[in-house]
Amino acid sequence: MTDEENALKAQNGDKASQEVLLNKYSALVKAIAARFFLCGGESEDLEQEGMVGLYHAVSTFGAGSASFATYAYACVRNAVIDAVKKAGGAKYAALNNFVPIVEIGGEISPASPEDELIKRENRREFLQKISKRLSSLEFKATVMYVDGMGVAEISSALGKSQKSVSNALARAKQKLVKLYS
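Plus 1265 on top of the position in the sequence shown (first one is 1) and you've got the numbering used here.
Just so you know, not all the hints are guaranteed correct.
[Stated by the list, open to error] List of simulated lysine-lysine pairs, DSS-like, C-alpha gap at most 27 Å:
1. LYS1440 with LYS1428
2. LYS1428 with LYS1443
3. LYS1443 with LYS1425
4. LYS1397 with LYS1384
5. LYS1295 with LYS1280
6. LYS1384 with LYS1443
7. LYS1397 with LYS1428
8. LYS1384 with LYS1428
9. LYS1438 with LYS1394
[Stated by the list, open to error] Using C-beta positions, here's what the derived DEER-type ranges look like:
10. ALA1331 with GLU1390: 38 to 44 Å
11. LYS1394 with GLY1278: 32 to 38 Å
12. ASP1310 with LEU1444: 43 to 49 Å
13. LYS1397 with LYS1280: 39 to 45 Å
14. MET1266 with GLU1309: 27 to 33 Å
15. GLU1284 with LEU1382: 35 to 41 Å
16. LYS1280 with GLN1439: 26 to 32 Å
The hints are simulated quantities; they were obtained by calculation from the structure and are not laboratory data. As the structure is a prediction and not an experimental result, all values here were calculated from the model. Just so it is clear, CB atoms sit at the ideal spot from N, CA and C, and this is done for glycine as well.
Start from the sequences and build out the full structure, keeping to the hints where you can.
Right, here's the structure in full:
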């Protein structure tokens, strides 16, 4: 049975079809959630939000448009980004400083735990250093840009205009050139 057929059966109350899709696409949810880092948060929080997005995809999929896989990807990704954006209040200040880490694409070469620890520590120190020099918007935009996101994608994720993001990146570049010259 195809994913599209399973989604339609799940919408008609077939719990087995729903479970098949939730299990099949749970790896996709983990891959998307792994692209983001929540300062002070846990990766499981984003995975949970991604699963809510996947459940929404199963519940609202309409045959005839995109494939279920494409629709599920969009729903999961949007749910994760929305969760980060909604955490904008002072209560969720740590969650508001999210950073996409990498785009999942190729195979990740295995590294020793020591190498991973050193890499994470170096990144943390770098981020702390530049966060003191850059405004909140400049910092978020710069980290997202360095991690491979385009201006349009950063604009969407931060809820700012593309012009605002471009200006923030230009200011950040000037400040970082001075810092590392």
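Now the hints, each set against the structure:
Proposed proximity of LYS1440 and LYS1428 is supported: the alpha carbons are some 18 Å apart, at most 27 Å. Of the pairs offered as hints, the one joining LYS1428 and LYS1443 holds, with about 23 Å between alpha carbons and a cut-off of 27 Å not exceeded. For the proposed pair LYS1443 and LYS1425, the alpha carbon gap of about 26 Å is at most 27 Å, so the pair holds. With a CA separation close to 20 Å, the supplied pair LYS1397 and LYS1384 stays within the 27 Å bound.
Between LYS1295 and LYS1280, the direct Cα distance comes to roughly 22 Å. Compliance with the 27 Å bound is thereby established for this hinted pair. A C-alpha spacing of about 24 Å is found between LYS1384 and LYS1443, which places the hinted pair at or below 27 Å, so the restraint holds. Taking the CA atoms of LYS1397 and LYS1428, the gap is near 23 Å; set against the 27 Å cutoff, the hint holds. The straight-line distance between the Cα atoms of LYS1384 and LYS1428 is roughly 33 Å, outside the 27 Å bound, and the hint therefore fails.
Note on LYS1438 and LYS1394: the hinted pairing holds, with a Cα-Cα distance of about 14 Å set against a maximum of 27 Å. Roughly 42 Å separates the CB atoms of ALA1331 and GLU1390, a value that falls within the hinted 38 to 44 Å. LYS1394 and GLY1278 have their C-beta atoms about 55 Å apart, which leaves the hinted 32 to 38 Å range violated. Between ASP1310 and LEU1444 the Cβ separation comes to about 32 Å, which falls outside the hinted range of 43 to 49 Å.
Restraint check, LYS1397 to LYS1280: a C-beta distance of roughly 52 Å breaks the suggested window 39 to 45 Å. The beta-carbon spacing between MET1266 and GLU1309, approximately 30 Å, falls within the hinted interval of 27 to 33 Å. Checked against the hint of 35 to 41 Å, the pair GLU1284 and LEU1382 passes, with Cβ atoms roughly 37 Å apart. For LYS1280 and GLN1439, the Cβ-Cβ distance of about 57 Å falls outside the hinted range of 26 to 32 Å, so the restraint is violated.
When held up to the earlier numbered hints, the structure conflicts with 8, 11, 12, 13 and 16 and fits the remainder.
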